[in-house]
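*Asks:* Residue numbers (our numbering), protein chains in the order written: chain X, 6 to 336; chain U, 6 to 336.
Since the hints were made in silico from the structure, they are not lab data. The reader is advised that the hints may include incorrect statements.
Copies of the same chain look alike in the list, so a pair counts if it works inside one copy or between any two.
In silico lysine to aspartate or glutamate, EDC-like type, Cα no more than 20 Å apart, as pairs [said to hold, decoys possible]:
1) 274 / 233
2) 274 / 205
3) 113 / 88
4) 274 / 322
5) 178 / 150
6) 37 / 26
In this text the structure is predicted, and so the values were computed from the model without any measurement.
Number of protein chains: 2
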Amino acid sequence: MKKFQVVGIGNAMVDVLARADDAFLASAGIEKGIMQLIDMDRAVSLYASVGPAKEVSGGSAANTIAGIAQLGGRTAYVGKVKDDQLGAIFAHDLRAQGATYETALAPKTEEAETGRCIVIVTPDGERSMNTYLGVTEFLSPDDIDTAQMADAEWIYLEGYRFDGPESHAAFAKAIDACKGAGGQVSITLSDPFCIDRHRDAFRVMIKDHVDLLFCNRAEMLSMYQTDDFDAALSQAASEVATVACTDSENGVHILSGSDRWHVPAVPTKIVDATGAGDLFAGAFLWGITNGYDLPTCGKMGNIAASEVISHIGARPEADLQTLFKEHGLIP
Amino acid sequence: MKKFQVVGIGNAMVDVLARADDAFLASAGIEKGIMQLIDMDRAVSLYASVGPAKEVSGGSAANTIAGIAQLGGRTAYVGKVKDDQLGAIFAHDLRAQGATYETALAPKTEEAETGRCIVIVTPDGERSMNTYLGVTEFLSPDDIDTAQMADAEWIYLEGYRFDGPESHAAFAKAIDACKGAGGQVSITLSDPFCIDRHRDAFRVMIKDHVDLLFCNRAEMLSMYQTDDFDAALSQAASEVATVACTDSENGVHILSGSDRWHVPAVPTKIVDATGAGDLFAGAFLWGITNGYDLPTCGKMGNIAASEVISHIGARPEADLQTLFKEHGLIP
Chain X
6 MKKFQVVGIG NAMVDVLARA DDAFLASAGI EKGIMQLIDM DRAVSLYASV GPAKEVSGGS
66 AANTIAGIAQ LGGRTAYVGK VKDDQLGAIF AHDLRAQGAT YETALAPKTE EAETGRCIVI
126 VTPDGERSMN TYLGVTEFLS PDDIDTAQMA DAEWIYLEGY RFDGPESHAA FAKAIDACKG
186 AGGQVSITLS DPFCIDRHRD AFRVMIKDHV DLLFCNRAEM LSMYQTDDFD AALSQAASEV
246 ATVACTDSEN GVHILSGSDR WHVPAVPTKI VDATGAGDLF AGAFLWGITN GYDLPTCGKM
306 GNIAASEVIS HIGARPEADL QTLFKEHGLI P
Chain U
6 MKKFQVVGIG NAMVDVLARA DDAFLASAGI EKGIMQLIDM DRAVSLYASV GPAKEVSGGS
66 AANTIAGIAQ LGGRTAYVGK VKDDQLGAIF AHDLRAQGAT YETALAPKTE EAETGRCIVI
126 VTPDGERSMN TYLGVTEFLS PDDIDTAQMA DAEWIYLEGY RFDGPESHAA FAKAIDACKG
186 AGGQVSITLS DPFCIDRHRD AFRVMIKDHV DLLFCNRAEM LSMYQTDDFD AALSQAASEV
246 ATVACTDSEN GVHILSGSDR WHVPAVPTKI VDATGAGDLF AGAFLWGITN GYDLPTCGKM
306 GNIAASEVIS HIGARPEADL QTLFKEHGLI P
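So here's chain X without its partners, still in its complex pose (with noise of 0.2 Å):
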């Protein structure tokens, strides 16, 4: 038995969450729904900005990694952070629940500070991301262990960390590691304009590499270059085994080979939509490396998926293994 069944690589941030309504996005020059990188001046300006604020962990993979965790995984997280009370706190929250985290920490003397990302809630629950990368910007191949890597079933990339000088070499060194082990690549693509800057890059990767793709519809659809949903994920699924794309509440599409399902979406208040997508990978992947056939794989993601959205913050509160013994999945 390999000793983790997922290990993901992710950017490291602690999320700030603010709420504010629609007005604020308009002033603030903030396209909802979104993610957009911004530089440190840009970060204090915005934070200024905003009302009252809650600091909780975050990071895509980080909190797909920490669903897995708390539903009793083996699972690592590899990601940068520095030295520095936000790192702390996010260090803490990955190992609290149960994860393995050992990256390096960028030192006290390095100028950039731990990531962080103002999330700003509008009262439809949406959320808008403003990302300061930080010192997450900088993970390197230095930074994969390929002894973890070979030791991993499943490694699972975050689609945002295209964005680093480094991270493309990193990710080939992790894929290597990985399957030249036997285990499994799974990559969610993160967010479409992140695609628009390395559309190239993706679809190499995913040809190459990957065996398990996560994506929502607006992704799939920037992804592939098309206004036509089904076309796109007919054309994902002859580049990749298994393709889990979301969308919204619509519930899930689950392709594999010549096989397809759809797997309606649990209903819920959405109270902050940060996570959404992280915990459904985290569910859907805990589900795979416990044998579970994939559209009780995509039931899982949904039920994960529906509990994060349902209070502030990414990462789940509610115990997932009961949810999803109420929903009869598990004994």
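Based on these hints, arrange chain U on the given structure of chain X.
*Replies:* Using the frame of chain X, we list chain U on its own:
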């Protein structure tokens, strides 16, 4: 008109909120429902032992001032943070709520960090607080701006500050400046064990300087070293112009001269009791400084306390003026 309706002086803190059960409290040697002072080593080891947490600005008097500011009151806060990430969070959240906050920062070179309070919230909603004071312990008379105190209708003193080495001198300087310009002095007793540590100093301050005393039942009994609640209330009323003594779900007792009122609590589901007394005091002071009679101020206090215990975190989330309108207290 004075510039400020209320200026608060207290321990500046970021709360680290984690959920745990009573068995954890027992194993960690934490006494339930009170505040314990801890050093940095204990803060580190305790933090390592709790689950994933959320960080939100706290500090007893700071919560009170945030409540007054959210109501639209003219208010300022004095309490020390360091020039670090948690200090920036604390300062942001107060200013973003509309309060003036200009205490000089402890420099980056200071060894102690911004204070934090590891709050363990048990399933019953009770909070057990473990406070690393950090730089806030060292607030000194130099940090008191006499012009600001003279420009306050009321100052609000946090009992927890009696633990700081120069706190008594700082309080004396603030009281002199405020009273010398015709202002009034309010205080909260904060905690029965804090009273045990400084009972004589509390007694002198109450008798000689305090116009409005906030406390809860346990603090009142500790203050006057008795089990006879009514006798303690009467003694307090003989020493202070106005007494507001909360008694959890039994509401609040307000005494002024020979007048006495009991105002029932506003029922709610307790999610996190942190900040109940702080927000009671905030709404009560807002009421007083806006000309409302004492029982109405008590109702406002109970409504604000009820709001803050209905969610995680010790600062108000719902609009308090809207709640006062719904209860018919303001037009």
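*Asks:* Which numbered hints turn out to be false for this structure?
*Replies:* 1, 2
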